[in-house]
Structure formats: structure tokens, C-alpha cells
Amino acid sequence: METVMAFLVGGLFAVGVYLLLRRSIVRILIGIAILSNATNLLVFTAAGLVRGGGPLVPEGATTVPPPYADPLPQALILTAIVIGFGVLAFAVVLAYRVYQTLGTDNLDDLRSTEE
Amino acid sequence: MSVLPALPLLLPLASAALSFVLWRRWLQRALAVLAMATLLAVSSLLLVRVWQEGVQVYRLGDWPAPFGIVLAVDTFSAVMLVVAAIIGLAVAVYSLGSMDDRREAFGYYPFLHLLLMGVCGAFLTGDVFNLFVWFEVMLMASFVLMALGGERAQMEGAIKYFVLNLLSSLLLLAAIGILYGLAGTLNMADLALKLQEARRPGLVTTVAMLFLVALGIKAALFPLFFWLPASYHTPPPAVSAVFAGLLTKVGVYALVRVFTLLFVQDVAFTHNLILALSGATMVVGVLGAVAQEEFRRILSFQVVAQIGYVGMGLGIFTPLSLAGAVFYALHDMVDNAGLFMVSGIAQRLLGSHGPTAGGGLYRSRPGLGLLFLLPALSLAGLPPLSGFFGKLALVRGGLEAEQYAMAGLALAVSLLGLLSLMKVWLRAFWQEDGERGVTEHRLDTPGPAMVLPAAALAALTLAMGLGAGPLFALATRAAEQLMDPSQYIEAVLGR
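Heads up: the sequence lines are chains A and B, in that order.
This note's numbering numbers the first residue of the first sequence as 1 and each following residue consecutively.
This note's numbering numbers the first residue of the second sequence as 1 and each following residue consecutively.
One thing to keep in mind: the hints can contain errors.
Covered stretches of chain A (chain B as the covering partner; in silico rule of three or more C-beta atoms under 8 Å from a C-beta of chain B) [unchecked claim]: (1) 24-33; (2) 56-66; (3) 69-78.
Restricting the straight-line Cα-Cα distance to at most 20 Å, the calculated cross-link-like pairs of lysine to aspartate or glutamate (DMTMM-like) are [as the list claims (entries may be wrong)]: (4) Lys-194/B <-> Asp-484/B; (5) Lys-194/B <-> Asp-266/B; (6) Lys-160/B <-> Asp-105/A; (7) Lys-194/B <-> Asp-70/A; (8) Lys-160/B <-> Asp-109/A; (9) Lys-194/B <-> Glu-490/B; (10) Lys-423/B <-> Glu-294/B; (11) Lys-423/B <-> Glu-293/B; (12) Lys-160/B <-> Asp-108/A.
Simulated from the structure, these hints should not be mistaken for lab results.
C-beta atoms are modelled at their ideal positions from N, C-alpha and C, and glycine is treated no differently.
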């Protein structure tokens, strides 16, 4: 399962980076969205995939019997998803404002601040 | 367990919330100054406490150490906090005089509080994932401040700033995820212990490189700094000042923290790489500054060049060089913020984003000339200003560690830095243009709210130079704690 996930994460990263390298701001935003999901999956996979077994301590015991799924990376991902959602919402508005103000969504036209 | 280490987070949070609720302008303005002053008082108290009693730890929710999130304050964090609060206060006062009505009406002050909260959080936290979260808080606030107002140049700067900083956050998150998979913990003190006995040292170094790239983008290290000079000169001067004073320094702080506490297994590789990157950062930054013509663009490249010095101290990795890096970081925050403030005043007086020739401000405003010269010469490293002592320690650290090339480079870059700043001096202050004459009062005169904070920061750089002895003792203590993390680990884990 880890191998499949590794390829999936790698593929998503490749797609995300490809989109980031495009000139259109909208594509860049889609690239960022894909990259952030790829990162979340990476965190999920890197911490180890365990099937079944919630991290619940049975009655009378003091530790969780293995194998159990580590809840911490899931909590991290949940946090990252929330942050990613906020950032993406801001990004969409920013891109719209950029388009409104500058009348273009081509990054090659945005050169005036770094001559 | 004292609640003091959590206060620098709670204060800006409370003032941001209050500021959002009390949408009255004068209330927001009063609250901004009041809250920043309180923040300064609290962080100073924290610094005193850390100096007297050692590393301060606050366990959130009172969860035991490796499981819950901890706030851990050592000397380095505390002293960075104090300087951040000073800059926060200076910028809040400066904003009273310089921020336009529209931006104030659209919630400039609440986001300033949130920015400070993110910065303080990054300085305080003892948990790597929490560090990521504070970076995000800081970035979100900075995105808003960068774009607020919606001018053409701002939008262009904002989109570049946004995309590259977001990319760095994603890389940081990926690095943290792999680190967790590797060590099974997120607490920095616990990680420091676990990584010492990691079974796959190659993988640790790989993660270290991911951290270097992610934090390198935030700190604006070569070759990852291009977002900075493309964006820092676009927002209003008050925002530029707080960005130049705080944001990249948070990246540098995180680099220093991570590469002294966590990734010290393969110093010959990682720290030499940091050293090489820092050298390149200095050279490219200062060459960029020399090539620029406009006031704030020159300063933006100067921000990049200064980061190289702090990185150099980290790369050499001896107690003396680290003390130099700490001292230099503090000095750099004060100076950069001060210079950006002066650029805002000059812009008010001359009516453009920066004079390319014939400002002639020296004749009409000799005092303003002094406010520019003090931080500028300090940045270039002239005694008795603060930059001199920072560079002295860094160069001495370099010579003692037999990094002669790096020490020489640091000196050469100072000279070029002086050249770029003197270009500003000549054009904006010294040279007078016959035809344009002294073009003052084109917009309006800067009020005392703009001049006072710039003067305070200029005085502070002088004071940091004159009082370099005690301050350097503080930096040395910070460096000792960084070089020997056992105190930090003991305080956090209680063993």
C-alpha cells in the first residue's frame, strides 16, 4: 500500500509543480491546491499506514494493543487541510483582484516590480 | 508553571479580536499602540526571567512534555521577542502618522496584531508542527497586509510573495511529516534526543535539506530570495518596515533553531552548505543593492544581504560566531525597520517612491539625514554603531574557525553595502537639483508620529553599539544555550 501511495504522492507533486511553472495565475492556484493535497497524503503515508485498529485503550489495559493507526498524523493533516482551505480561499480572491487591477492573468506581464 | 511565556501569544490575539470588534478607527489606533507597548513590557519581563532562571517552559493544557505542545523560551527566543515587540511598537506608532484612511478602515490594525502573534508564536514554540502553524498565521496576516489597498504594484508584488511563500510552507509541512515518520515525535527537545540515535542518518540529512529549502525561502537565502526584492517595496512604508524588520528574521530564527537543536549529526555537510549559501546570499544581495536606483529597492536587497551575515554565523557554528549571528540578527531587525521608516518619510517629502537624483533633503532636513545615516552606517558596520560589533564577532569567529575566505567576503560585502547606501544618501539627501530645487511639501509634512519611531530606532542602534558589552553578553549566553541544547532539552522534558 505504501508503494502505491508513494507513486500517487509523487505523481501529484509532479502535476502540482508542472502547473506552478505555468504562466497563468489560475493554473498556478490549481497547482498549489494539488500540491497541498499531495503534501497531506505524504504526511499520512510517511507516518506509516495501518489498517483497522483505532487507537483506543481497551478496558482494563493501560496501552493500546498494536497494530493501531497513529492518530497524530491525522490530526496534523486535519489542521493542514483547514489552513490550506483558508489559504486557497484567499488565493482565489487575490487572483481575482490581480486580474481586476492589472487586467491580465499572465505572469509574464507582471514585471514592473522587479526591473 | 508561570503563564508568562504564553502571554506574548494571548496579548496580540486578544487585541486583534478586540480590534475586529471595536471597528472604530480611533479605538483601533489607541489599542494598537497600547497592545504593542504591553507586549514589549511582557517580553522584557520574560527576558529578565529567562536571564535569571534559565529556559522557561509552558505546557499548553498542562499535557506532559513530549505529548502536548510546549512553549519553550531560551535566551535567543526571549531576546528576539523583545526586539520584535520594539519593532511592533515602533511600527504601530509610525502607522498612526503614515497609514492612509482607506487601509485603516479596511482593518490594517487587526492584521498587524495577528502578524505579531504569528511572529511571537514562531519564536516561542517548542514543537515543529506548531512552528508550521505559526508560520501560517504570520503568512496569512502578511498576505493581507501586503495586498491591502490594492494598488497595481502591490497586486503584482503580492501574487509573487504569496505563491513562493506558500510553496515554502508546503515544503515545510512535507519535511515535518517525514520527520515525524522518522522519529515519531514532534517535540523539538524530544526530536533532538531521538535524532541522535536515528537509524538512518542519510534520511535525517535529507529531511534537514528539505527544512533548509523551506526555511531558506522564508529567510530569503540565495538562491531562494527572489520573492523579496520583487515585493517588499510595494506596500506602504509602515508595512515594508514591519516586514523587513520581522518576517525574514523569523525564517532565520527557525533555521538557527532547527540547525542547532535538531540537525547536528552531519555538521560538516549541512553547516558548510549553509555557510556557502550565506556567502552567496551576501554577495548577490549586495550586488543587487548596488545595481538598484530606488530607495526602497536598495533597502530590499540590503535585507537579503544582511540575512547572509546571520547565516554565516550559523554556518561557522562556533559559540563566538553564533553569538555574532544572534547579535547581528537583533541589530539587523532594528536597522532595517528604521531605514524603511526613513524611506517612507523621504517619500512623503519628495512625493515619489524615491528620488533618483537631487532630493536635497540634507539642507532642509538635517535631522532626517541623521536618522538615515545612523542606521545606514550601522548596517555598513562603522563603529561605534551596532553593526560594527556584530560584524566584528562574525569576522573574528570566521578567522578563529579558519574560514578566511568567508571572513574576507563579509568585509568586502560591507564595503559594497556602504556604497549602495551612500548612493541613497547622495541622491536623496546630499545632491540638490537646481531646477527641482527642494521639492518639499509636495504631499505633506510627516508628523511626529512618523519621525519619532524612526528616531527611536536610530537611537536604539546607537545605544546597541555603545552598550555592546552587556548586549554581547546576552548574545553569548544565547549562543551557549544554542550550542549546548542540554539545558533546553532538560527544561522541556524535565529530565
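Open item on the list: Check the hint pairing Lys-194/B with Glu-490/B against an upper bound of 20 Å on the C-alpha distance.
Closed with: holds (14 Å)
Task: Within 8 Å of chain B's CB atoms, at least three CB atoms from the segment 69-78 of chain A: coverage verdict - done: n = 3 at 8 Å, threshold three: holds.
Open item on the list: Against the 20 Å threshold, does the CA-CA distance of Lys-194/B and Asp-484/B hold or violate the hint?
Closed with: Distance ~16 Å between Lys-194/B and Asp-484/B Cα, so the pair holds.
TODO: With a C-beta cutoff of 8 Å, work out whether three or more residues of the segment 24-33 of chain A approach chain B closely enough for the coverage to hold.
DONE: holds (count 3)
Open item on the list: So if I understand the rule, the pair passes when the alpha-carbon distance is 20 Å or less; does Lys-160/B with Asp-109/A pass?
Closed with: holds (12 Å)
TODO: Verify the proposed pairing of Lys-160/B with Asp-105/A, using a straight-line Cα cut of 20 Å.
DONE: Holds - the C-alpha atoms of Asp-105/A and Lys-160/B are around 13 Å apart, at most 20 Å.
Task: 20 Å Cα cutoff - pair Lys-423/B, Glu-294/B - done: holds (9 Å)
Task: Within 8 Å of chain B (C-beta), three or more residues of the segment 56-66 of chain A - done: As far as the segment 56-66 of chain A goes, the hint is violated, because 0 residues have Cβ atoms under 8 Å from chain B.
- [ ] Please work out if Lys-160/B and Asp-108/A have their alpha carbons no farther apart than 20 Å.
- [x] Between Lys-160/B and Asp-108/A the Cα gap is close to 12 Å, so the pair holds against 20 Å.
Task: Holds or violated: Lys-194/B to Asp-70/A, with C-alpha atoms at most 20 Å apart - done: holds (18 Å)
- [ ] Decide if the proposed pair is consistent with the structure: Lys-194/B and Asp-266/B, CA atoms, cutoff 20 Å inclusive.
- [x] Distance of about 15 Å is within 20 Å: holds.
Open item on the list: Against the 20 Å threshold, does the CA-CA distance of Lys-423/B and Glu-293/B hold or violate the hint?
Closed with: holds (8 Å)
Checked against the numbered hints given earlier, this structure breaks only hint 2.
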